[in-house]
Amino acid sequence: MTKILIRGGRVVDPAAGVDANLDVLIADGRIVQIGAELLEADGADVVEASGLIVAPGFVDLHTHLREPGQEHKETIASGARAAARGGFTTICAMPNTDPAMDSAAIIDGVLQRARNVDCRVLPIGAVSKGRKGRELTEFAALRDAGAVAVSDDGDAVADTALARRAFEYLSDIGIPLAEHCEDPAISQGGVMHDGAVSARLGLRGQPASAELSIVQRDIALADAAGAQLHCCHISTEAALQAIADAKARGLHVTAEVTPHHLFLTHDAVAGSGDDLLYDTNAKVNPPLRTEADVQACIDALAAGIVDVVATDHAPHAAIDKQCEFDAAAFGISALESAWGVVNSLVDSGRLTLSEAIERLTIGPVRAWNLDRGDLRGLGTLRVGAPADVTLLSTDALSRVEPALWASMGKNTPLAGRTLVGVVAATISQGRIVWDGREQ
Amino acid sequence: MVAEQVAQQVAEQVTETMMSQPAPSDAARSAPQSRPPFDEPITDWRRRHLLDVDTLSKDEILRVLSTANAMAEVLDRSVARTPALRGVTIFNLFYEASTRTRSSFELAGKILGADVINVSGSGSSIEKGESLVETLNTLSAVGADAVVMRHHASGAPWLASRTITGHVINAGDGQHAHPTQALLDAYILLQEFGDLSGRKVVIVGDILHSRVARSNLWSLTTLGAEVTLVAPRPLLPSSMAPGASEQEHPLSLPSVKIESDLDKAIVGADAVMALRIQNERLQGKLLPSSAEYARRYQLTAERVATASPNAIVMHPGPMNEGVEIAFDVAHGSQSRIEAQVSAGLAVRMAVLFLLIRGGA
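These protein sequence lines are chains H and G, in that order.
The opening position of the first sequence corresponds to residue 1 in my numbering, with each subsequent residue numbered one higher.
The opening position of the second sequence corresponds to residue 1001 in my numbering, with each subsequent residue numbered one higher.
Worth flagging that the hints you see were computed from the coordinates, not collected in a lab.
The beta-carbon is built from N, C-alpha and C at its ideal position, and this holds for glycine as well.
Treat the hints with care, since some could be wrong.
[Stated by the list, open to error] Stretches of chain G that chain H covers, calculated by requiring three or more beta carbons in the stretch to come under 8 Å of a beta carbon on chain H:
id	region
1	1079-1093
2	1128-1138
3	1147-1159
4	1232-1239
5	1251-1264
My request is simple: use the sequences and hints to build the entire structure.
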């Protein structure tokens, strides 16, 4: 098998506390040696990394791949290519496919289709059969087939009785329930954040209390059951406070934020000019919130109250967005702009580089306890770890041009913006899957 | 050149009469019998679309209303017809039921000599599931010079303005905007008071779901009125509730007085506008009952008696008499509800004329 020597880069491995100019040698899909000025191993391909950050490959706990069932939006293969370009070497596929990933057989099928794609795909099983919120799925069978969590993402487990039993049953299964924290009785079909901008645009709003309601309920249920609650894409200051309190009490609660909730407010729906945009590319669930919420998300991420940056990559076809705002699909295609957004927080001094990389690598691995079996060492550059490496620039400028993306989903409110930070190359399981250094 | 001067004169005259008593219909009758020069291009109107009144200046609003006055003069003729928009094709694209707005837009176009074609949700390709963008492209392809659009989705006319080549006139979008209603309401108020500076206007009812309230907020504040919104908390956008964050947000609606007690708000008001409340919102889920609503928010004779002696009562229609407004108030001497409907025709004629014959 091929050997690769990554030479001359600045290795940042938050799990090991390493930040130094080191070379990394890869062979047989594993990291075999790290050190200063390694000799060229016989037959190794040399990847010049001078001026670049050498980081563990990113791990995304929240990706929508749309296969099976909606292959016109994204396939497992195209989503994996997008992941590679975004620096991600492991992505966790949400089960809101068609059919939903609610049985071991469907999980098997996804893993088959993911076998030779450009990154590792870890499936997430549905909490309820068909994601209908009525009957529990077979959690142990899903886990044994490879599911790393269960989630009805896209919807909360709205039925409190079902949520209670799900947490209780999960308590000895060993995987988390990844909750979409939106109380539908409160959000009532809202299409954006309930606030000044929704009032102006005459769009139905989702109040912040819809998120807090489920977060507080689930903290109580998970605590009583002794199970892990993972809060997906948290977007409001109040919910972050509730999560901080739960963590302070020692409960097993983890949380993620998306790049867009760290970067954009509900203003993006209206745009900044006189001409109201009603930008359907800024329609996402949970919705973009207020400036105070964005700042709270950044603070919580820096403080470690939020463990993970997860993309909630939600690709859609053009026709799903070229329509009335009410009719448009929720979601942002995010894999290929994630690093530029997160690194912008480094650039502005809100996060250290090590913190930013931590929340994209070992942070998610620890949150879901993925460092086991074949995946031992995932999220690190330890000797013996999977050879998943991302080469990053922290100062190169890049314009967001979805037309050039690998993802079939071109839906992003960031199109045309210039971000700081570029994914220069990605090595997944010992293979160079993205090399943008000469483009 | 001569025509332009006459146009200027007519505009000045109507503006003057708008700003002072007597009522403009009298003034129009006593005005010189010069025919309004509707065959000249309009060089001082630069807006291509009428999507809302939020970005219109006071001068622009007055320009529309003075043109509406000239249109009212046309309507006073024995044969109310002018060829000002001959050869122009206007599509009325209505995705929602409408009586007043739709019929007055249709009539407005026809009086001005345009070809007006009605397309509605039923009996068209919309029923077959055609997307809005496709329908708009189709209208563009058959040569629509203007599309008058009513749609249940807030923002749909903005999408239309970026899709088609012709002019877009918003005839009501979702819970967002209803610019011609706001303009005709301004017309009625100016007719009554001449100048709105410092005039107290109370808007009472379902603010949350009301495109009429949103558009009126913009035009009335632009014209200098002091607006008070009156609603129970569930019918108010949360960002307008007392103590809400983001009150100073740059995108927010104009900042006005908010009051939950109509009895307090109505005292000394110059005009009171009741909004329609849908029956399904009064069945215990959003508000307890229509009786409970009427108890607190119905425009009754007793309540109107506490307003200014010259106060007028308005309603955009259609009314639920006995719910948001008492029958005797709706049809009493202070009511301008029928006048609103009549003014709607002249205002819509003015809007069509300015947009289509204007410079943009």
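Results for each hint:
no.: 1; hint: 1079-1093; in the structure: violated (count 0)
no.: 2; hint: 1128-1138; in the structure: holds (count 3)
no.: 3; hint: 1147-1159; in the structure: holds (count 8)
no.: 4; hint: 1232-1239; in the structure: holds (count 3)
no.: 5; hint: 1251-1264; in the structure: holds (count 3)
Going through the hint list in order, the structure does not satisfy hint 1, though it satisfies all others.
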